[in-house]
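Number of protein chains: 2
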Amino acid sequence: MANTSNNLDSFFSPCSIAIIGASEALNSFGTRYLQSLLTFGYKGRLYAVNYKGEQVLGFKIYPTVLDIPDSIDLAIICVSARFVPAILQDCLKKGIRSVTILSAGFSELGEEGRLLEEELLTIARQGIHIMGPNCFGVYCPSGKITIIPGDSFPRETGGVALIAQSGQFSEHIVIRSIGEGIRFSKVISYGNACNINESDLLEYLAKDEETKVITAYIEGVKDGRRFFDIIRRSSGKKPIILWKVGLTRLGSAAAISHTGSLAGERTVWDAFFRQSHAIKVEHLEELIDTSVGFSCLPTGCGPRVALISGGGGGTVVGADACERAGLPMPPFPPEVEEKLRSILPAAGTSIKNPIDIGTPHPPLAILTAVLEAAASSDQIDVIMIRRIFLSVTVSKLLSGSAAPSEEEQQQLMEIPVEIKEKYGKPVVIVLTEELNSVDAMELEEGRRKLRDYYFANGIPVYLSEQRAFTALAHLTKFRTRIGMQHHTDANDTRITAPEKTAETARSRIRHRATTTVLNEIQCKEILQEEGINVIETTLAASKEEAVAISNKLGYPVAMKIISPHITHKTDAGGVKLGIKTSHQAGKAYDLIMATIEKNNPEAAIQGMSVQKMAAPGVEIVIGMTKDPQFGPMLMFGLGGIPNSVRCSCSVSAVFSWRLFRTSLLG
Amino acid sequence: MANTSNNLDSFFSPCSIAIIGASEALNSFGTRYLQSLLTFGYKGRLYAVNYKGEQVLGFKIYPTVLDIPDSIDLAIICVSARFVPAILQDCLKKGIRSVTILSAGFSELGEEGRLLEEELLTIARQGIHIMGPNCFGVYCPSGKITIIPGDSFPRETGGVALIAQSGQFSEHIVIRSIGEGIRFSKVISYGNACNINESDLLEYLAKDEETKVITAYIEGVKDGRRFFDIIRRSSGKKPIILWKVGLTRLGSAAAISHTGSLAGERTVWDAFFRQSHAIKVEHLEELIDTSVGFSCLPTGCGPRVALISGGGGGTVVGADACERAGLPMPPFPPEVEEKLRSILPAAGTSIKNPIDIGTPHPPLAILTAVLEAAASSDQIDVIMIRRIFLSVTVSKLLSGSAAPSEEEQQQLMEIPVEIKEKYGKPVVIVLTEELNSVDAMELEEGRRKLRDYYFANGIPVYLSEQRAFTALAHLTKFRTRIGMQHHTDANDTRITAPEKTAETARSRIRHRATTTVLNEIQCKEILQEEGINVIETTLAASKEEAVAISNKLGYPVAMKIISPHITHKTDAGGVKLGIKTSHQAGKAYDLIMATIEKNNPEAAIQGMSVQKMAAPGVEIVIGMTKDPQFGPMLMFGLGGIPNSVRCSCSVSAVFSWRLFRTSLLG
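In order, the protein sequence lines correspond to chains V and F. Residue 522 in the working numbering sits at position 522 of the first sequence, with consecutive numbering throughout. Residue 453 in the working numbering sits at position 453 of the second sequence, with consecutive numbering throughout.
Accuracy of the hints is not assured; some may be wrong.
Note that the list lumps identical chains together, so a pair holds whenever it fits in one copy or between two copies.
Heads up, simulated DSSO-like pairs for lysine-lysine below, C-alpha to C-alpha not over 30 Å straight-line [said to hold, decoys possible]:
1) K425 - K237
2) K222 - K352
3) K280 - K212
4) K280 - K352
5) K560 - K580
6) K598 - K524
7) K552 - K580
8) K43 - K587
9) K207 - K43
10) K524 - K552
11) K580 - K612
Derived from the structure by calculation, the hints contain no laboratory data. All of these numbers come straight from a predicted model, not from anything done at the bench.
Please construct the entire structure, taking both the sequences and the accompanying hints into account.
What follows is the structure, encoded as structure tokens:
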């Protein structure tokens, strides 16, 4: 974590920049960055720094930053990794507070790189904020600064911010979003995040007035707990759209090679999303679709959908997509159905919700009347229209002589905007892709123009029903959260443990431990000491002892093998329940020992635990773990389930994990 | 089902067509169909039929088909629904064997329409095959015939067939597929399927030599059993790609309004896909992506992927997509990693699988060497390359001065084809969409040209990693099926029931039944009669009787309430287990009765079942149902699971349904 008491403004709106590594060679990384800033129109003072050379692109080259006769707000380092520590020392001497390191070759390469990255941190602690290393920098139109491959990015500013651990995706998400109409406040490629990390950036963006919607591409997080708290606090005010990658085994390995990130456990991240209310997206398209939605409808919208389709197949596919996204598509009240019946012919249409208007080329009067009927219903929050409007602009190509006149086309195109304004209800349009051959570019151009027209008028446009409903579901969920108070303190569940005695079981056991796995007896000792009722359990060292203990406890009893090498006792044949007599007790002991001897000959045996059978009841399971990214996690669920069931269910179905605010185990 | 002993050739390659409903009004449905066939270039003899009018588009109008002085292979009916039966009678008299009814207004409208549709069937049984009603007809380039909105469809034939219950999707899937390079053998919009149904069509296409890949948009099926058998027989020879819609509650309701189809149960369809080996796709894009895959790689491909990415983020996203699709991405052998290490710089790249080549604009020599290294490994079946080649054609737009020369661009573009041929391994390319604003049409044109070039060279191209891996998974699964024998008869599980006695328990119970729900005692009687062991169970009418029966059976016993109104006995508090003494038996009886009286005061009580406690063991559950579309279904799974677990799991996790070939219950 960076010390962000001084904020990060210099990274976004620096008055002067030194580009260290800009050289006389035009294709060097530093020179290309300098060129990028010039092309983009950076207005502050620029300085090139290199140990050799005279000038580049009309700029004098200074040997070090110390030679620059001016104060520097931001240094950008583009030299080989091994030279970076020395250069950072120069920056420190020069009094530069903000440094972006584009160079790769640090912790993502393993131990040697990790040590080099630690050197950077040691220097930074003396008064520098570092962005990177292994990143592309910052794009901020209001500061007239851009990332290295971003010289052609839009100059106008917008309400969407993006943080991306991947340089490639910081570029790619911007490129893909531009065409959709999205404009950015700030885009940060932050790479290995050795100093300024995702939490620092989110905290900054949550307060940033330019930023209305936050999006993020995340491989791993440095301080999961802080990340969680910041998002939890902010996600009821600004939508925070997270694309968390690397949650598969293969993806996680790739994330380590890429940015040295620990991608984390899927179950932990599932709990994170449930509790933080961050908006979880699964791929690039969903991230962009959701950003488009929030750009058009900043506060989201209500959930009840009326779908109007230009064809019957679309009603079925649309209804499927609606239900899968978890949104209601309520039936129309009788008076609305009556109105629709008077508008549409009986055959080849449907007046139920979803409405089938019968053709993707409806006449103006019919389309208008149908939309009015649906929008006027107080059962409906949002109108979705599919596969109609593309036909409008390009209908000559698709429907030949049946195409409407230019004037009618214009009027058809304007109806959704009129309906939206007249009824004050959001409209969403599905503009499915049609012919996409090389000789049909006119069609695609028509689609894009129409998309831009609707976007400018506050109507989001999507390529398929599925994508539209997925984005819509994110919008509606966010709306229910706006204004919701997060009583995080009230939710904080603490358990007061009893006073500790001088030497606790815990410290005694820890002291003598020869393994990291505690056995049943040890676990019960610790639990008992913490004030939790446990069944009296005694360790027997021999068959005779086991029988004697059983007799003393009273039947029925249970016996369980105790071995540091056998954690799944039942699976190993190491458990006998419901032992009713001393004869049975002796037999149970022998049987367990024989089975273990046969199946686990290598296991060291500490003895046999003997305990009274517990009374029947609801069995529960409680688990804890310390996640490396998020800290204490609590699991609670149904216990005593046959193992075969637990395995065939997804884990979260039987019990669920929650992030927990305080660690019970200290 | 149609009597298809005569095949369906006349629908695809008719020598003469009568269009009934073509009129002097140019925008009438019939006239538009006539115009469609003329534009498309139909070469046979065409006749217009209408009760009035003289001529249309240069054709004489005949009042009825009976007036045409020629034999007619195919009649196409485009008149209002109510006139269709009379016209069909004319067709029958004229000896026309094949009729396509485009008119809507039949079973999709409810009871009245259903009766009208039945009239058609009655006439058809005298010697006509009907396609439709409520459909768009047939597109078959080799027969020079097309669907009503298909006058601009490609004239060349191809290997993909499509059957679609939705007219709109029969058109839309073709339009969307054309640009991707797919060409069709036959496309059939079959609407309400009153006579020729999906099974008839699949059976025909499975034998059709023109057809290599079968695709289908299905709302519901008429005869699920036959449909299942045909697909099971054929899906090891030709890929059968099914888009089954309407499996949600909303979607199912929409399917009834659309084509009067019963969409069916999700669990049943899940079993269908598992057992039939049809390829299940979830949306339009997946259907097209999979068709593209099979068009390029007709016999599928092996599963082990090497991914080459032009950037690190893409390796993570690609690895996630690979694992989610269930495909292996094995590590490279040391010698391959060694080779890669000598090619790529250490920083900003990765030599592990997935390979990060470091930039989307790699130099020719590096890209070639990397692909050679990966393709030469015997651990790899298929090479996937992401976000590199678009940069090739349009790199000037994206990378400015760093763009390669025209000649180098051409060479870069050709590498994948060379690698594919040199190593005989399939190559798949991910060409992510980039800037898609209105002023970037050149980029999209570049993408399409590149896509077409690769398609022509047997390399499928996809818009995202996710889409590429999903399609690839379908290809690899099909490959493992090719040549697999379906021992359907050997799989046929029959149980021989013991000989029936004169009056069976079943007939006796059925005779006296006052409810459709059998109680526990009745169930056990029937099972016992069929030769299945059951626990002796006796019905007690009073507390005294219950205690006496318990004493006689011997403890421990179980008691369960018997009422036609209480099927979930445990939930209702109607079960007591492990009763150990006659005192406990009396108390258990009272407690059950009191609980039922309190919670279910309306329930009629038939008595209390008393039985010995069963010995512990693995509890299983067996269920049967008769699905309206697929017939007998057998369910088998783990029983004795706490209800709360079963509810929180998806049903299929605890037990699974299978289609069953013979009904046990006759």
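Status of K352 relative to K222 across identical chains (alpha carbons, at most 30 Å): between (51 Å within a copy, 24 Å between copies)
Homomeric proximity label, K580 with K612: Cα distance no greater than 30 Å: Answer is both; intra-copy 10 Å and inter-copy 19 Å each pass.
Up to 30 Å CA-CA - K587 versus K43, copy category: neither (88 Å within a copy, 90 Å between copies)
Homomeric proximity label, K598 with K524: Cα distance no greater than 30 Å: This pair counts as within: shortest intra-copy Cα distance 28 Å, inter-copy 42 Å.
30 Å Cα threshold - placement of K43 relative to K207: within (25 Å within a copy, 71 Å between copies)
Up to 30 Å CA-CA - K552 versus K524, copy category: within (20 Å within a copy, 44 Å between copies)
Homomeric proximity label, K280 with K352: Cα distance no greater than 30 Å: between (32 Å within a copy, 29 Å between copies)
Within, between, both or neither: K560, K580 at alpha-carbon 30 Å: both (15 Å within a copy, 27 Å between copies)
Within, between, both or neither, where K280 and K212 count as close if Cα-Cα is 30 Å or less: within (17 Å within a copy, 40 Å between copies)
Status of K237 relative to K425 across identical chains (alpha carbons, at most 30 Å): within (22 Å within a copy, 52 Å between copies)
Copy assignment of K552 with K580, given that the CA separation must stay at most 30 Å: This pair counts as both: shortest intra-copy Cα distance 13 Å, inter-copy 24 Å.
Figure legend: structure checked against the earlier numbered hints; the only hint not met is number 8.
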